[in-house]
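Asks: With these hints in hand, go ahead and build the complete structure from the sequences.
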Amino acid sequence: MGKSPCLLVSLLFCFFLSPRLTAAAESLVGSGCSVSVPAYLADLAKEYEKETGVKMLVMGGGSMRGLKDLQEGSMDFAASCQSKTAEDPEDFEYSMASWDALVFIVNKSNPVNSITPGQVREIYEGRINNWNELGGPNLKLVSIISTPKGMGGIGEALAQYVLNGKRPQERKNSSMQASSVAIWEQLVEEMREGFASTGFGGARKRNVKMLKVNGIAPTKSTIISGEYPFRRPLFLVIKKNAKPEVRKFVNFVRSSRGQSLISSYGMPSITDIK
Amino acid sequence: MKLSLKAKVTVFIAAVVIIVIAVSTFLSISANTMSIEREVLARGVALSEALARSVSDGLAAENLNLIKHVENIVHTKDVLLTQVFSTLWLGVASVPADRLNTPPDPGAVEYLKSHPGEHDYYSIDQGDWTDIYHTIMLDPHDARVPKLSIGYVRLRVTREAVSAAVRQTVVNNILAGILLTLIAVIFLNALIAKYVIRPILDLHRSVAKHKQGEFPETVPVTTSDEIGELSSEFNEMSRALRERETKLAEEKERLSVTLRSIGDAVIVTDLAGTVTLFNKVAEHLTGWSAQEAVGRPLSEIFHIINDKTRERREHPVDKVITTGMICGLTNHTALLRRDGAEIIIEDSAAPVRDCPHRRTGPFPLLPTEGRSSRDRVRFY
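So the protein sequences, as listed, match chains A and B. Mapping of the first sequence onto this note's numbering: residues 3 to 276, in sequence order. Mapping of the second sequence onto this note's numbering: residues 4 to 383, in sequence order.
Among these hints, one or two may not hold up.
[Claimed, not checked] Partial list, computed: chain B residues near chain A (C-beta under 7 Å):
| id | residue |
| --- | --- |
| 1 | 63 |
| 2 | 95 |
| 3 | 148 |
Source of the hints: derived by calculation from the structure; they are not laboratory data. Owing to the predicted nature of the structure, the values given are computational and were not obtained by experimental measurement. The beta-carbon is built from N, C-alpha and C at its ideal position, and this holds for glycine as well.
Replies: So, in structure tokens, the structure goes:
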């Protein structure tokens, strides 16, 4: 009889403790857009983990990879920098998370500082394949791309702003294929010949030179003001039947708290642009 | 082409040894190749797994600096190509760098997509090299987050080591084969020469001597096997032969002496009537020496007539040859000597038989002595 109160207390203890343990065991895993991750997602996920105790794991790999992982169920959410396409499954739910811009990057040692949309088009069409055609040294120009389909958001932005609706194709004489924009950025860091298109959010954290477009350098303020022409949205994608915890995180990103954090990371947030 | 027994044995031994070595070379090559191939594959799989583990964090962070381990792996001389792919099978890093766009094998893509296990690999044998694909897993080191498959590595391992090892095996086997063949030929040849060939050659030599008219020599008996038995039987035979020949020679001599010593003239001819024996008395009677007479037809040296009628008489030997009966001369027969003188003779001719019923070549004619006043001639 003497043992009963003790047992009761233990049971009650377990009862109250168990939901907490379950909550603490929650974790969210996301992958995708190589621009979004360094632009805001990595920092924001850390902040969210600190505030809520939910374990966050975010990885790059590109929008296409993120969407594939989400579809296969290995990830809870995907970061994407391209808008919803007809090929996406019905149950994909896109939510805008931040603004970004299409930028063109070169190696730091490259004397070329500025480019025009026409020149970018000529590069992707393989007609410009030497830096001296852009006022630079006599050096082969290597345009780093992915497969046309693999070029998720960047491919979309290029098609929209520069290439008259077409995604960049591989050019045997001037292009080089690599997995995702994070890798392109690093290749441009290393290669004097390198040229790539990427997002402002990723490029500003790399040791590369962002080219002025029509004389305007891409900065947070020029993007917000619209002087820099190639603004584009960044998205978070979840499934319609996603776990509540996932939806909670997306809501946090879109909240004024989340947006002010994004702005504080140096990105043009949704709220920055009226 | 005529080959000596020794040459044949040498060729035979060499052929057997070469066949044995060829078979053993083939077996050892296939065994070696298989074990080296397994080794190459095992090494490739271990390397690819090590690579997958070491680039995992770098790939998750899309940090090329952390993926530079690729270079360390490719510095081993049997690795021709290392690549890191994203889960979309797009190149992330590569050594050599210009092979970043070398596409993966569709079979590997298919297999690894459907086998996302941590230790799963896919290997393709491409002849000169083997490609090994391995999944890159990310371990978040947090029990709440499962391990994630975040990409793939490809490792191309050259099979040069296999080819080199096989070449070396072939060379070694050929060298060992030549050496073994030499040793085997020398050693087995010596053994076979001693125990088989020499006794046979001894027999051969002995028989050859016999063919030349000499007595066969006794051959040494060195072994107790069939060849030894053959040798001792040969010795036995040659001893018997020698005895018989000696006996025959004695017999012949005795007969010859007997014939020569008879007081009558004795002439022996063969079936053709050619003189084969001519004794002293015959020499004296006919005036022909034995040396001249032997080998001549009897009709040339032995002429007889009827001393009354002076007619030539039929030769008794001819009669014996045709009838096979003993035949004597009629009375009044005279022999015309070589010098033309006449001698009254009495003779007889008889066939000499080598067995009771068969006549043989020499046809002896026996001219017998005459009456007391006559000489006798015997033909055999």
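Asks: Against this structure, judge whether each hint is valid.
Replies: Hint check:
Annotation: interface hint on residue 63 of chain B holds; nearest CB of chain A at approximately 5 Å, less than 7 Å. A distance limit of 7 Å between C-beta atoms decides the matter here; for residue 95 of chain B the minimum to chain A is near 4 Å, and the interface restraint holds. Given the 7 Å rule on beta carbons, the hint for residue 148 of chain B holds: about 5 Å separates it from the nearest Cβ of chain A.
Hint check: no violations occur; every hint is consistent with the structure.
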